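First to last, the protein sequences are chains A and B.
Read in order, the letters of the first sequence correspond to residues 0 to 337 in numbering that gives the first Met the number 0.
Read in order, the letters of the second sequence correspond to residues 0 to 337 in numbering that gives the first Met the number 0.
Keep in mind that the hints are not guaranteed to be accurate.
It does not matter which identical chain is meant; a pair holds if it fits inside one copy or across any two.
Cut-off 25 Å, straight-line C-alpha distance, at most; resulting in silico cross-link-like pairs (PhoX-like, lysine-lysine) [unchecked claim]:
1) Lys183 with Lys74
2) Lys171 with Lys183
3) Lys11 with Lys213
4) Lys183 with Lys193
Bear in mind the hints are in silico, worked out from the structure with no lab data behind them.
Keep in mind it's a predicted model, so treat the numbers as computed, not measured.
There are 2 protein chains.
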Amino acid sequence: MRVAVDAMGGDKAPDEIVEGALRASNELGIDITLVGKEDVIAPLLSSKPSQRHIEIIHTPEIIAMDEHPATAVRKKKDSSIVRGLELLKEGKADAFVSAGNSGAVMAASLFVLGRCTGIDRPAIGTIIPGKEGPVLLIDAGANVDPEPVHLLQFAFMGSIYAREVMRIGNPKVGLLSNGEEETKGNKLTLQAHKLLKGSNLNFQGNVEGRDVTKGTVHVIVTDGFTGNVVLKTVEGVAEDLVSIIREEITSGILNKVGALILQGAFRKVAQKLDYAEYGGAPLLGVRGNVFIAHGRSNAKAIKNAIRLAHEAASHRIPKLISDNNIIVTGKEMFQQDL
Amino acid sequence: MRVAVDAMGGDKAPDEIVEGALRASNELGIDITLVGKEDVIAPLLSSKPSQRHIEIIHTPEIIAMDEHPATAVRKKKDSSIVRGLELLKEGKADAFVSAGNSGAVMAASLFVLGRCTGIDRPAIGTIIPGKEGPVLLIDAGANVDPEPVHLLQFAFMGSIYAREVMRIGNPKVGLLSNGEEETKGNKLTLQAHKLLKGSNLNFQGNVEGRDVTKGTVHVIVTDGFTGNVVLKTVEGVAEDLVSIIREEITSGILNKVGALILQGAFRKVAQKLDYAEYGGAPLLGVRGNVFIAHGRSNAKAIKNAIRLAHEAASHRIPKLISDNNIIVTGKEMFQQDL
Numbered sequence: 000m001r002v003a004v005d006a007m008g009g010d011k012a013p014d015e016i017v018e019g020a021l022r023a024s025n026e027l028g029i030d031i032t033l034v035g036k037e038d039v040i041a042p043l044l045s046s047k048p049s050q051r052h053i054e055i056i057h058t059p060e061i062i063a064m065d066e067h068p069a070t071a072v073r074k075k076k077d078s079s080i081v082r083g084l085e086l087l088k089e090g091k092a093d094a095f096v097s098a099g100n101s102g103a104v105m106a107a108s109l110f111v112l113g114r115c116t117g118i119d120r121p122a123i124g125t126i127i128p129g130k131e132g133p134v135l136l137i138d139a140g141a142n143v144d145p146e147p148v149h150l151l152q153f154a155f156m157g158s159i160y161a162r163e164v165m166r167i168g169n170p171k172v173g174l175l176s177n178g179e180e181e182t183k184g185n186k187l188t189l190q191a192h193k194l195l196k197g198s199n200l201n202f203q204g205n206v207e208g209r210d211v212t213k214g215t216v217h218v219i220v221t222d223g224f225t226g227n228v229v230l231k232t233v234e235g236v237a238e239d240l241v242s243i244i245r246e247e248i249t250s251g252i253l254n255k256v257g258a259l260i261l262q263g264a265f266r267k268v269a270q271k272l273d274y275a276e277y278g279g280a281p282l283l284g285v286r287g288n289v290f291i292a293h294g295r296s297n298a299k300a301i302k303n304a305i306r307l308a309h310e311a312a313s314h315r316i317p318k319l320i321s322d323n324n325i326i327v328t329g330k331e332m333f334q335q336d337l
Numbered sequence: 000m001r002v003a004v005d006a007m008g009g010d011k012a013p014d015e016i017v018e019g020a021l022r023a024s025n026e027l028g029i030d031i032t033l034v035g036k037e038d039v040i041a042p043l044l045s046s047k048p049s050q051r052h053i054e055i056i057h058t059p060e061i062i063a064m065d066e067h068p069a070t071a072v073r074k075k076k077d078s079s080i081v082r083g084l085e086l087l088k089e090g091k092a093d094a095f096v097s098a099g100n101s102g103a104v105m106a107a108s109l110f111v112l113g114r115c116t117g118i119d120r121p122a123i124g125t126i127i128p129g130k131e132g133p134v135l136l137i138d139a140g141a142n143v144d145p146e147p148v149h150l151l152q153f154a155f156m157g158s159i160y161a162r163e164v165m166r167i168g169n170p171k172v173g174l175l176s177n178g179e180e181e182t183k184g185n186k187l188t189l190q191a192h193k194l195l196k197g198s199n200l201n202f203q204g205n206v207e208g209r210d211v212t213k214g215t216v217h218v219i220v221t222d223g224f225t226g227n228v229v230l231k232t233v234e235g236v237a238e239d240l241v242s243i244i245r246e247e248i249t250s251g252i253l254n255k256v257g258a259l260i261l262q263g264a265f266r267k268v269a270q271k272l273d274y275a276e277y278g279g280a281p282l283l284g285v286r287g288n289v290f291i292a293h294g295r296s297n298a299k300a301i302k303n304a305i306r307l308a309h310e311a312a313s314h315r316i317p318k319l320i321s322d323n324n325i326i327v328t329g330k331e332m333f334q335q336d337l
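Make a model of the complete structure from these sequences and hints.
Here it is, written out as structure tokens:
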């Protein structure tokens, strides 16, 4: 198993990306191909100890974070994103990780790898640390205006990922809506509800915003617009709350003593909330193991994304999605039990 | 100024509602009309000291929390919700507060009070405690499938409310989307963005999920589906985080000592996050001051909702909305500066 890593993508590229790859290589023994400008990557590697599991593929072009995805992918065939995905296609790598322009990663994945059988729209699945266990939110941003049947496809892909990689038997699926009752929802979710109810998935009905971090279901299905807003809301609330608490508990000497006593406890809480612990988000529905890491990824986040990509690759999720999917129209779709 | 209160609505009705009304009356000196079953309300009042500012209007019918809103409103003309709103219409009260079936409150408000001039769809504005100050999120659940022009109307109503009641000069308006760039959004928000840009509102462009609790803008505009999901996500994350922290800091004797030292600080944080501090959410766009309180409202939340309703009533928001609104089609809509 070999993981290709986009060395040029992300707010902290290339330094933190290369450092994360080094850690994954040295600490976890994972074979890694760093894709990007060799003259930039090589010096970062040579100053470090052992890099026996790392190779470099030189690509002269870079797709910037703010470039128009489709245009950039069409023009920059020698970019780290396009070339990294071609390594997957050619069987020279088993998974690809990028913290770069996520729109470009999606566009290039469709272009280079193509879609799984029966999947119209690939989707991003993001793991959110729930109180009672991790929750896979799908779609977290790939499709802003999906049709109801696409939400059914997201639920199907999310269930396979949850079963295989998150190791949850018969994963519970919830549809994100504005109320638990079946009658609650907008046009999209009301129709998607019917499709999900008629499927063989372990559908639990509608869930609400407060279920996102509860862990009452394992897979939460939503459109990419709502999913993206919700994901960033969760991150924002957690950050703000931690900063409000920090301000309060460090005002005054006595409070500082209390804070000192509790620093171990606070560290555990911070760890539970740290996105870097969870690595990347799988792009599900393309013919290859593609992982999108947070644009802000530091070395630790990249190391964990590589670990996750490496583990997921062995489950051959794209093949499972293609093989179990009996094409696309509602009730006929999921004849086989998951 | 007199506030009519639905004594029969909410998970904790009638006890906590009546208690909240008593506190608003005794502590704040607000004149209150409790609307509901007299035989239930009167005994709750008679056991208490002074109730000089409180009167009761007897209504024999109750609309339950899970009843179909439009049907219930049509059938139950003698319910506390319908009669309470008629008091507004008849000028016998200046504001109405209910923690009951919010769909029924909206339906009855449209039916009894009607819409403000130029407003197609009334919307719920909810105040979220932001890090840098309160944020008005509109729509928080009234319209699950609005058109772009409705989002413009929400922004207009939210700006008036923020200026008058929240006392923010020239309030900043943001459009909730899946990215800050103007090109990010679904069909609805891409079109709404253009309308907002062409208006005289203080439009700051798109904002993201993490801005909801930051307070970077004063008014965040969104459809009622996304708004409801986001609102409940914020509540859920805050609750879960507080409970995770509580678990960690109370495990072990030393931690308990630290927690004891910090209890004052924690209380301050809890207060900042307590929805009960913020009272109710205004239903904007109907011809009357209607406030929807949280279904879980306790006496404190009801007291604060009554305080807010009482204060808002003096600003005559519905009249300001009707008078300043130069009808409905995009660019012509907001000729006057706010």
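Task: Intra/inter-copy verdict for lysine 11 and lysine 213 if alpha-carbon distance must be at most 25 Å - done: between (31 Å within a copy, 24 Å between copies)
Task: lysine 183 and lysine 74: within-copy, between-copy, both or neither at 25 Å Cα - done: between (45 Å within a copy, 22 Å between copies)
TODO: At 25 Å max between alpha carbons, let me know whether lysine 171 reaches lysine 183 within a copy, between copies, both or neither.
DONE: Within. Shortest intra-copy distance 20 Å satisfies the 25 Å Cα cut-off; inter-copy 31 Å does not.
Task: Intra- versus inter-copy proximity for lysine 193 and lysine 183 (alpha-carbon distance at most 25 Å) - done: Cα proximity of lysine 183 and lysine 193: one copy only (12 Å, versus 29 Å across).
Checked against the numbered hints listed earlier, the structure breaks none of them; every hint is satisfied.
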